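As given, the protein sequences belong to chains A and B, one line each in that order. Under this note's numbering, think of the first position of the first sequence as 1, with each following residue one higher. Under this note's numbering, think of the first position of the second sequence as 1, with each following residue one higher.
Label-pair restraints from in silico Cβ distances:
1. B:Thr44 / A:Gly143: 35 to 45 Å
2. A:Gln253 / B:Thr7: 51 to 61 Å
3. A:Tyr267 / B:Thr44: 20 to 30 Å
4. A:Lys64 / B:His72: 19 to 29 Å
5. B:Arg128 / A:Thr235: 37 to 47 Å
6. B:Gly102 / A:Ile43: 25 to 35 Å
7. B:Gln100 / A:Gly236: 52 to 62 Å
8. B:Leu86 / A:Gly155: 52 to 62 Å
9. A:Tyr267 / B:Gly71: 41 to 51 Å
10. A:Glu229 / B:Thr7: 51 to 61 Å
11. A:Lys207 / B:His72: 52 to 62 Å
12. B:Glu18 / A:Tyr267: 49 to 59 Å
If you are wondering where the hints come from, they were derived from the structure by calculation, not from laboratory data. Remember, predicted model here, so these are calculated numbers, not experimental data. Backbone N, C-alpha and C define an ideal beta-carbon position, used for all residues, glycine too.
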Amino acid sequence: MIPSAFDYHAPGTLVDALALLEKFGDDAKVLSGGQSLLPMLKIRLAQVGHLVDIGRIAGLEYIKEEAGFLKIGAATKEVALERSDLVRTKYPILLDTAKVIADPLVRNRATVGGNLAHGDPANDHPATMLALGASVVAQGPKGERTIPVDQFFQGLFATALAPNEILTEIRIPVPAAKSGGAYVKLERKVGDFATAAAAVQVTLGAKGEVTKAGIGLTAAGPTPIQAGEAEKFLTGKMPDDATLAETARLASQAAKPTADRRGAPDYKREMARVLTMRALRAAVRRAGGKV
Amino acid sequence: MSTHKITVTVNGTARTAEVEARLLLVHLLREDFSMTGTHIGCDTTHCGACTVLLDGEPVKSCTVLAVQADGHQVMTVEGLEQGGKLDPIQNGFWQEHGLQCGYCTSGMMLTGYALLQRNKKPTEGEIREAISGNLCRCTGYVNIVKAVQHAAAAQQ
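Use the sequences and the hints to build the structure in full.
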């Protein structure tokens, strides 16, 4: 399958890339790793007049802690997360997530920024970033702005990015001591989108009580879902079995999945509950708590 | 619709072509360069029959634009054999009967080759993980795993 015809631009700097977006407006689309966009162009779910490839702009691939944040350059490939010692030792939820995105070959091309900017509620990073309380940095003609990820996803394939903006960085607050997180996904086979998946990040207090909780759900509605009620319920409580079970139940209530060949809404909501429970246990365990 | 003059180093040889922006890397290889060892399978980023190494990493060449490969290194199955001598990964597939119909084989071998470049002694689990983006509908994967293990042992 061949995409419909377009003009391809490979700017060498962010300034040039932004100028191209300014010039072509809605008729342009940013190409990063291309592992979501190119398949869509090939099956002609999408058509575009101009592709602006940011893959040749230096300085958009990094994973570093700086000023209280884990900063990930938008063009960082998923495989780089998998191979990062920093991610493996301090951000296991990110490693969980990267490892279940598509398959290893796709992850050699796919980028973290692309996974978010695509705005697909079935993508895996959005739920994890919601659980982590992340923000994204958008560069536009007037400079940069920071968008909390809970305000980033606005609809199916729709984000808060303006047509003349480029997502350049993801910022995750460095977790406090006694924090842990996990991402648990149910997929029919390697490479499939989630039937359901849950991301949980918790911080524990001196007595082992939950002082902070973030819970995100994948493929549970038109946008990635933040399970706010469940987060509120868990915060301040000891993470015992009954509390975690009620938290998982509340999280599944936030899920509004639709029927497709991966299952019926009731089944997916039940899977959201089961996976949230598993993610809760793993997160508490990784935070040093007992479950 | 823009056209671009690109230079891609394929199996160590710089090759140039004038291409439409929308040309996929797999078509550049098969149609412009007449290198048909790289197969087109599902054409939807699932099966891995079109796997090539881009700057040493296995990628699905049906999901890379030829223009994106401009200035980069590509290795295809035709690049494995050197001077009439099979690469250990090719020999492994031969010795362990790692193929039946052969459709997935070029992609499997390149993924296996790339794995052994960065991990000289992969476990069975690591091999299975590495090839999880390459589908085989004949073998049940058992002999493919053995083939990669054979190549790993031969390189010790």
